[in-house]
Amino acid sequence: MTTDAPDEPVIVSAEIAAGHDGAAELVVNLRHPNGALEPVVMDGKLGLDLMQRCGAATLDDLAGRSWRDILGASVRPCTTS
Amino acid sequence: MYDVLITNGRIVDGSGEPAYAGDVAVANGKIAAVGKVDGPARQTLDARGQVVAPGFIDPHTHFDVQLLWDGAARPALEHGVTCVVPGNCSLSLAPLKAADRPALIGMFQQIEEMPPEAFTQAFDWTWEDFKGYRDAIEKGLSINVAPLVGHSVIRLWVMGPASQERASTPDEIVRMQDLLRECLQAGAVGLSTSFVDMDEHGRPVPSRYAQFEELDALSAVLGEFGRMLQIVPEFYDTDLTIARIDQLAELSLKHGIPTTFSPVFDSTLTPNNVPRTLARVEEQFARGARVWPQMQTRPIDISFSLLRPSLFFARLPRWVRILRQPLEPRLAALNDPETVEKMVADLGPDGGEMMMGALVVRGGDAAPAALVGRTLSDIAKDRGQVPARALIDLSLENGLDVAFLAASRGHEKTERIGPMLNHPLVHIGASDGGAHLASFATYGDTGYLFSEFVRKAGALSLEQAVRKITAETADIWGLKDRGRLAEGQAADIVIFDPDTIDRGEERPAFDMPGDGMRYVRDAAGIDTVLVNGQVAWRGGAYTDARAGVVCV
Numbered sequence: 617m618t619t620d621a622p623d624e625p626v627i628v629s630a631e632i633a634a635g636h637d638g639a640a641e642l643v644v645n646l647r648h649p650n651g652a653l654e655p656v657v658m659d660g661k662l663g664l665d666l667m668q669r670c671g672a673a674t675l676d677d678l679a680g681r682s683w684r685d686i687l688g689a690s691v692r693p694c695t696t697s
Numbered sequence: 002m003y004d005v006l007i008t009n010g011r012i013v014d015g016s017g018e019p020a021y022a023g024d025v026a027v028a029n030g031k032i033a034a035v036g037k038v039d040g041p042a043r044q045t046l047d048a049r050g051q052v053v054a055p056g057f058i059d060p061h062t063h064f065d066v067q068l069l070w071d072g073a074a075r076p077a078l079e080h081g082v083t084c085v086v087p088g089n090c091s092l093s094l095a096p097l098k099a100a101d102r103p104a105l106i107g108m109f110q111q112i113e114e115m116p117p118e119a120f121t122q123a124f125d126w127t128w129e130d131f132k133g134y135r136d137a138i139e140k141g142l143s144i145n146v147a148p149l150v151g152h153s154v155i156r157l158w159v160m161g162p163a164s165q166e167r168a169s170t171p172d173e174i175v176r177m178q179d180l181l182r183e184c185l186q187a188g189a190v191g192l193s194t195s196f197v198d199m200d201e202h203g204r205p206v207p208s209r210y211a212q213f214e215e216l217d218a219l220s221a222v223l224g225e226f227g228r229m230l231q232i233v234p235e236f237y238d239t240d241l242t243i244a245r246i247d248q249l250a251e252l253s254l255k256h257g258i259p260t261t262f263s264p265v266f267d268s269t270l271t272p273n274n275v276p277r278t279l280a281r282v283e284e285q286f287a288r289g290a291r292v293w294p295q296m297q298t299r300p301i302d303i304s305f306s307l308l309r310p311s312l313f314f315a316r317l318p319r320w321v322r323i324l325r326q327p328l329e330p331r332l333a334a335l336n337d338p339e340t341v342e343k344m345v346a347d348l349g350p351d352g353g354e355m356m357m358g359a360l361v362v363r364g365g366d367a368a369p370a371a372l373v374g375r376t377l378s379d380i381a382k383d384r385g386q387v388p389a390r391a392l393i394d395l396s397l398e399n400g401l402d403v404a405f406l407a408a409s410r411g412h413e414k415t416e417r418i419g420p421m422l423n424h425p426l427v428h429i430g431a432s433d434g435g436a437h438l439a440s441f442a443t444y445g446d447t448g449y450l451f452s453e454f455v456r457k458a459g460a461l462s463l464e465q466a467v468r469k470i471t472a473e474t475a476d477i478w479g480l481k482d483r484g485r486l487a488e489g490q491a492a493d494i495v496i497f498d499p500d501t502i503d504r505g506e507e508r509p510a511f512d513m514p515g516d517g518m519r520y521v522r523d524a525a526g527i528d529t530v531l532v533n534g535q536v537a538w539r540g541g542a543y544t545d546a547r548a549g550v551v552c553v
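Chains as they are written, first to last, in this note's numbering: chain A, 617 to 697; chain B, 2 to 553.
Hints are computed from structural coordinates only; laboratory data are not their basis. Every residue gets a Cβ at the ideal spot worked out from N, C-alpha and C, and that includes glycine. It cannot be assumed that every hint is accurate.
Label pairs and their computed distance ranges (CB to CB) [stated by the list, open to error]:
hint	chain 1	residue 1	chain 2	residue 2	range
1	B	Phe286	A	Asn650	45 to 53 angstroms
2	B	Ala542	A	Leu687	54 to 62 angstroms
3	B	Thr121	A	Ala652	48 to 56 angstroms
4	B	Phe286	A	Arg684	35 to 43 angstroms
Anything over 12 angstroms on all C-beta distances counts as not near chain B; from chain A, calculated [stated by the list, open to error]:
hint	residue
5	Ala640
6	Asp677
7	Arg681
Only chain B is shown next, with the shape it has when bound in the complex (with noise of 0.2 angstroms):
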């Protein structure tokens, strides 16, 4: 008898061949049985007119506070993701010492836009070592986790305070080896670094005073497990990526591993960065490197309000001259009926309609409710006023804080950006789950490839667009037995509408420990989730399924 039998399904295998009408069979947590399938079965999930897939893989997340408290991840494994990488850009919850959490939870909050509350309210801090954490995640997991452990917070660990002042000695570099072992014995899949990050204080993370012996010698410890490096690099300059790129290409020969590194997206300022870039990655793949680039699918948006200068008013001097004033002056100015005459006719005799027509009002501060998802030129009209005046007014009557967002302004070209993602090299991810929680929401970045890339411009095939995210991900990060529907595979299933499937609206959501907001895309399109053999998401919510494990 079987667990589950999905029936009528048309079956994306993760392999990328054709698709094939078919049913899939779950027994123990495991596929018993893919194509035309007989027998009994506990449950059966009707799939027809809908695909079964694999579940998809997130391979760049930060999830890993959040897990603490939601072993969902949610909405991660609504969207259909039932695995996450968590601990990346060398920041992870583990191994850490008592004495250093402070330290830690300030770099969280700056770069990942963590309430202070989500590290005092949410959870029981009661491990130090990486062990410890697994074990306290592994109790309500309803998602699979393979997790990275962070550079910054091994060299934490070893050196103290030092690890963010100087480079490491011979001795403390073999005391970061061992305790990386120690963390890959624990079931870390891998050692994340970063090159660009900072703490809340300004300061570079630890993980960037590191030399090169460092992470040659971290990387050898990786090559005793065969496991991953993922690295942040200079992504704002090619040239520095490509540096990087030539880097990580000597350690994965060297050492024999994998590496990956991200962000890569792509602008019309700077055409030639992902071109050049990919054509590095390719010569380095052409040596017997293993340097994987890692892409977003969403489009990039600037977010804005008047309580911080942006360079989205650059254009405009007056605008800009005023708005870098301090707090005080600057509401003045704002509330100067002249001066606010004076910035708005710098707008033209459209008043802004073509510069900030389109803006959206974003939700989650003080903008009213009923606003909240508008464009200013719509709620212009109905001020009878024009668009920039309606900025200023709508900015004034909340306290300057009502965030407007600038749509698709980054990575946004999908006829160029469509061929990136289907290049043979090229590892969809960069998600950032999890991260930059009141900035943007960093969900449904698989629904949106196959809405935006599949469906819409062709530029992948549906079966290349699963295995893009299932198959070939477990492929590169060597999780065994997942990212494909075969025969004795965990049983990580999506059945999704292939017409709907989508990212839904951003909306802010207010699920974060100490009511702390978040901007959140809901799913649209996915029928059911299967985590393990487990029905975890199913008709538009979750179950009680805890069947997720860490799956390395």
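The following block holds chain A by itself, in its conformation from the complex (with noise of 0.2 angstroms):
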């Protein structure tokens, strides 16, 4: 049995990370059509935000999401110096 690829990136896994600014951030794995892999951070709030938008209980429920999950996000409210 043979599953076919994804025609859009599709998040592979999620962990949690340092930020800059001393606070948790997600980075999450995202594998493209053409199997690339390419980690996405987001901070804190972005990160809860993109859980909730998921319905996701644990990081490990965000695998198979839809990048397009992330768009929301597309504003990135942080700061650093």
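Join these two chains into a complex; the hints should help.
Structure follows, in structure tokens:
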């Protein structure tokens, strides 16, 4: 049995990382249709919003979700210095 | 007669050449002789067993405000730093019209976590132009300052509120160029801009509304002076960072200017970020561009409290659900025994020992002083609880305003970062001194460079480490007569014990205006710091010397 490859980027994993400002951030790994992996870093608020939007109880629940779920976080309200 | 003679030292002169035994003589604020020096001196400092090196230069700070009441930029100076570069990330305190002060204060409070009293009680706001700001800080400097001027304030001056609404017109760009030129003539070391920062209302800072033509035009003015362009790129995305590197390279080549960007930091979750970034930097340097990536030495910690939701609990669905609620229902849930029982059970049979046991209670908030600095594991044992329950109860007992620290959760792999710091094109910096006041200490990165990467890991030699933060930094920034122990150079000198130089433990200090709190780290192993030939720090105390200058 074969499975069609997705025709758009899909979240394959997510992990917590330390952000520049000392807050916990979310690193979401996307797999593109060509097989390439790409990390997307989201700050605390956006990461929690993504989990809520996806109805994810844990980070593992984000796996398999479309990259489009990240789009709601298009404006990144982060600060740095 | 020399003013100061430092004898019997181990000279590490900033060039990267091997250390040697010798003396350093100082006269009229300059280094008069290095090597075997004879002759009388008004003051002799015996440096036996210690390193004598050029003062360290910190190229990424936000001491703009603090310098108005603290000319030493404490505790930077006691860490051996003799020159700081404030005004990074598009924000400086000049040029600024009086009517625009509230707008800038909001940005500083948001980005640097400055208490409002810092702007209302600590100094008289006497200036509008850059020269006026320079005059205001120069009255009391005991550390040298090479100030950047911020792109956001230049935009704000020329465009007013429209600076956060739209692109500039050709006429406005010309006026910005004229204003930048005036700032550079008044002593600015360059221009800073940001593609990331937000104000207190969540709006992009003014610099982010600039189109490339505006930055190009401003860079042309920098080119007239050969001065630095500093940027904050979209550092969370490697591809965007690389695109910015390419933009900087074009500006560098076109206008003959040095450029630098920060932060650059390593994460095991994005392990290709730094290697890809450095590879692009190497390509652009090979073309003749100057695009210096700034990398910090210290690891990144995660801190949180139950006052605000944090991704720290992202693997605990029930905790996320409860802590995301508004304060009232959140408190109700945390006070409900049945709910808490389930939350604790979520941690498994060890009650959170593995996940939470190493958390450290931070000071500066409502945490009882006796608990500050202790691990949650220890505290839980004292209370006869498991860590998860201790975390909840301790938070409840103090209005949820207890902060916990998960140490070294990013940029923490010494075996990866050591070679990066030693890369010939990596500019050691990005300390953020004077910023993030209520979040973490931004001081002591130089001590950590020696303790972690020279002594412990051997990733850099003593001489290489000194060169990185002295002569190399001075050369990158075009700071004349700084960064080397050589005849005729400014006598910015640090005497330190190479076996003990380090950063101290992070601690809260209530020394900001209005009794405001910030996290600091004390220095270890620093014996004496001279700024322009005068002893500014010795034997664990500051002196009355005020020899600092704007050193551009």
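Now for the hints, and whether the structure bears them out:
One distance hint, 45 to 53 angstroms for the beta-carbon pair Phe286(B) and Asn650(A), is violated here, with the actual separation near 31 angstroms. Between Ala542(B) and Leu687(A) the C-beta distance comes to about 56 angstroms, which sits within the given range of 54 to 62 angstroms. The hint said 48 to 56 angstroms for the Cβ distance between Thr121(B) and Ala652(A), and at roughly 52 angstroms that hint holds. Under the hint 35 to 43 angstroms, the C-beta atoms of Phe286(B) and Arg684(A), about 39 angstroms apart, fit the expected range.
A beta-carbon of chain B comes within 12 angstroms of the beta-carbon of Ala640(A); the shortest separation is about 4 angstroms. The claim that Asp677(A) is not at the interface with chain B is violated, since a C-beta of that chain comes within 12 angstroms of its own (minimum 9 angstroms). Every CB of chain B is more than 12 angstroms from the CB of Arg681(A) (nearest about 15 angstroms), matching its label as outside the interface.
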